[in-house]
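*Asks:* Kindly generate the complete structure, drawing on both the sequences and the hints.
Chain residues, written in single-letter form:
There are 2 protein chains.
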Amino acid sequence: MKRIYDVLLAHNELKAQAFLEEMEGKNPLFVCTIATTETAKISGISAAGKYPEFTDYTPPADAELLLLGKCKCINGVPVTPEGIPTPALISMSALRLANIPVLVASGGLRVKPQIPFLDLGGNPGRDIRTGNAVDNVEEVIQRAALAGENLAKTADYLVIGESIPGGTTTALGVLSAMGIKAEGKVSSSMPENPHGLKAETVRAGLSAAGESFGSLAVNPIRAISCLGDPMMPAFAGLVIGAAAEVPVLMAGGTQMTAVLAVVEALNPDVLCNVAIGTTRWVGSDTSSDIKGIVSQIANVPILAADIDFSASRFDGLKAYERGVVKEGVGAGGAAIAAMAKVGGAVTKDMLLKEIERNYAILMGAK
Amino acid sequence: MKRIYDVLLAHNELKAQAFLEEMEGKNPLFVCTIATTETAKISGISAAGKYPEFTDYTPPADAELLLLGKCKCINGVPVTPEGIPTPALISMSALRLANIPVLVASGGLRVKPQIPFLDLGGNPGRDIRTGNAVDNVEEVIQRAALAGENLAKTADYLVIGESIPGGTTTALGVLSAMGIKAEGKVSSSMPENPHGLKAETVRAGLSAAGESFGSLAVNPIRAISCLGDPMMPAFAGLVIGAAAEVPVLMAGGTQMTAVLAVVEALNPDVLCNVAIGTTRWVGSDTSSDIKGIVSQIANVPILAADIDFSASRFDGLKAYERGVVKEGVGAGGAAIAAMAKVGGAVTKDMLLKEIERNYAILMGAK
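Residue numbers (our numbering), protein chains in the order written: chain A, 1 to 366; chain B, 1 to 366.
The hints are simulated quantities; they were obtained by calculation from the structure and are not laboratory data. Keep in mind that the hints are not guaranteed to be accurate.
Calculated Cβ distances over 12 Å to all of chain A for the following chain B residues [as the list claims (entries may be wrong)]:
1. Gly-76
2. Arg-126
3. Asp-135
4. Ala-204
5. Val-218
6. Thr-286
7. Val-342
With a Cα cut of at most 27 Å, we get these calculated DSSO-like pairs of lysine-lysine [stated by the list, open to error]:
8. B:Lys-318 / B:Lys-70
9. B:Lys-348 / A:Lys-153
10. B:Lys-153 / A:Lys-70
11. A:Lys-72 / B:Lys-153
If you anchor each label on the Cβ, the simulated ranges turn out as follows [as the list claims (entries may be wrong)]:
12. A:Glu-138 / B:Gly-25: 37 to 43 Å
13. A:Gly-344 / B:Ala-298: 41 to 47 Å
14. B:Glu-138 / A:Ala-345: 34 to 40 Å
15. B:Ala-311 / A:Asp-269: 41 to 47 Å
16. B:Arg-96 / A:Tyr-51: 46 to 52 Å
17. B:Gly-179 / A:Lys-112: 34 to 40 Å
18. B:Gly-292 / A:Asp-269: 38 to 44 Å
19. B:Gly-343 / A:Leu-14: 38 to 44 Å
20. A:Val-218 / B:Asp-269: 54 to 60 Å
21. A:Asp-269 / B:Gln-17: 41 to 47 Å
22. B:Asp-269 / A:Lys-112: 29 to 35 Å
Using N, Cα and C, we set each Cβ at its ideal position, and we do this for glycine too.
*Replies:* Here is the structure:
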């Protein structure tokens, strides 16, 4: 796979290269969209919290970490059941290394972060097995688009990330409702990807909503309302508003494909200005297939940050190489933006050092 | 008074000229801080709403007008009892003429705007006669400063405006608590400035708080908590965070002097990067004295947009020349920024034409 500095051109190579060149030396704004869904509390779905209720705290804690360099609504930082830290640690380290400004946008939260955040008028999401998962989808998309339009005037390009536990299951829900074959293809923050549980959850939601695979192919608003999560309308609206004017790097793993499908259905014209930015851990994941999903939707490029923790002195970071966490809070996109801003002068080794420095401070490790 | 294009150098002429030159050709971000206070509902205090309860809707409606070009939470636009439209009409016209991005920040609201807005963790304000007017002042200042730091990286400079009915009374409250002589000097949105009522209100608040004139000279947090409004910590925090990095134009009338006093007490170093931008109507107002207040606080320059509605074909705009409204929603600062962005290519005549065009659409006039 072709690489430019420590960024891999993972899909649609020429377009990926052109997109990366467009980012080079430019000043981005990083926007982190956060939200919560009860779907994350289904046993076995998510590794974002040690206990189901903890998933309500993960997004606000991630957002606090990005802006403050530490969490306020919890002690320490969000960790998996094995104690592996949130990917916000990667995003925060990358954004600080490259002095990239951050804005947090809420799509709907049960717990508010103790930092400034953009309120987009959404509510926390319900369990998708109800078939009635998200309120106000159209209104939130419109408000987010308005924010995106204005934010596009403040930066050369936008990097948009997300934090929402349970997000790959809701992604599978929206993709399935829209007729995109994603079963067995969405990623997981756990090494053992619970594909069966996700598929079963989505089937229950489709049934409860009176919908079936592909029945909402041209109705993305209803697809999110029934089977999505509140991060999606916030994220999709920001893309629609911003990508009409500037490039937008959608920073995330397979969850990005659901947002991509929504944007493609609502406003395909903006996709010429869009790329997905993820991590090598997602790009080379054998338990998921981001390219296989993206190919069904639109011809957008995928960039993957070649972050490598195999040589880390901390077991909590080395675990990423075993497929734990993989992506989230725009980690891959933040790393790519940091590298591109300085034309590769930030390398993966420098990034690892900065991440280890922050890991030591935040995890109390030596 | 010296002028550069249609901007008057109203105070500290050389510094004002230098500040304006620094703005020229640059790309600002306009931030509108909105909040509400029960103080506005004291009979005779404010012209921002026809009925006291209406003051809860004025700030969100102003914010909607800025971002959408129309209001959503009310029909039409905010008007004075005589039907004179909100100065947001001026701000919106100026910002759109010059393609300046807008962000709305809430310091604490009873009614939320139906647009994206930055939540800074504040609550609506109480009547200052209780001596216990604003919650969370220190926390809101800190969050706003964090937002300001990040926003400063997205723009060459910031223009910060406000919308809060009753704001000159709370300004008098904070100024008095801090020992700045402002009685008879704060402005009013009404042609007959109710100085006596404002002074009486502030005296009641000082007494209820167990404070007296000047007793909080070195405690601006408590001055706001007792006698201020929730716009102030949001605005002051944004200035403190942003002006450490980029120039900040504080866009407003005499309310700006209370924010200036707070910033001066908390972080005087940033004031070298600060100017006040207002309208000719405030600059030449004989019922108030912005320069007289500023001179007691800090040596910052004042710029005044030479907006002139005397030749307007609409009586609703001509009324501004009789001293109605005068300023608000950053009208003067927005006009100055629009002119400066294009080096004076936007003139006061062009601005009036654009305002009249929007007036006709929004007020249904011909």
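*Asks:* Assuming the hint says 46 to 52 Å, is it satisfied by the Cβ distance from B:Arg-96 to A:Tyr-51 or not?
*Replies:* holds, 49 Å
*Asks:* Are all beta-carbon distances from B:Val-342 to chain A longer than 12 Å?
*Replies:* holds, 15 Å
*Asks:* A cut-off of 12 Å on Cβ-Cβ distance, and B:Thr-286 was said to be off the interface with chain A. Does that hold?
*Replies:* Holds, since 38 Å exceeds 12 Å.
*Asks:* Given the hint of 34 to 40 Å, is the C-beta distance from B:Gly-179 to A:Lys-112 inside that range or not?
*Replies:* holds, 37 Å
*Asks:* Grab the minimum beta-carbon distance between B:Arg-126 and chain A and tell me whether it stays above 12 Å.
*Replies:* Check passes; 22 Å lies beyond 12 Å.
*Asks:* Please confirm whether B:Gly-76 is truly not at the interface, meaning its C-beta sits more than 12 Å away from all C-beta atoms of chain A.
*Replies:* holds, 20 Å
*Asks:* Is it true that B:Gly-292 and A:Asp-269 lie within 38 to 44 Å of each other by Cβ?
*Replies:* Since B:Gly-292 and A:Asp-269 have Cβ atoms about 55 Å apart, the given range 38 to 44 Å is violated.
*Asks:* For a C-alpha distance cap of 27 Å, please report whether B:Lys-153 and A:Lys-70 respect it.
*Replies:* holds, 21 Å
*Asks:* I want to verify a distance hint. Is the separation of the beta carbons of B:Glu-138 and A:Ala-345 within 34 to 40 Å?
*Replies:* Since B:Glu-138 and A:Ala-345 have Cβ atoms about 39 Å apart, the given range 34 to 40 Å holds.
*Asks:* Hey, B:Lys-318 versus B:Lys-70, does the alpha-carbon distance stay inside 27 Å?
*Replies:* holds, 21 Å
*Asks:* Take a look at whether the Cβ-Cβ distance between A:Asp-269 and B:Gln-17 falls inside 41 to 47 Å.
*Replies:* Taking Cβ atoms as reference, A:Asp-269 and B:Gln-17 lie about 45 Å apart, which means the hint holds.
*Asks:* For the pair we were handed, A:Lys-72 and B:Lys-153, check the Cα-Cα distance against 27 Å.
*Replies:* Holds, at about 24 Å.
Hint 18 from the earlier list is the only one contradicted by this structure; the remaining hints agree with it.
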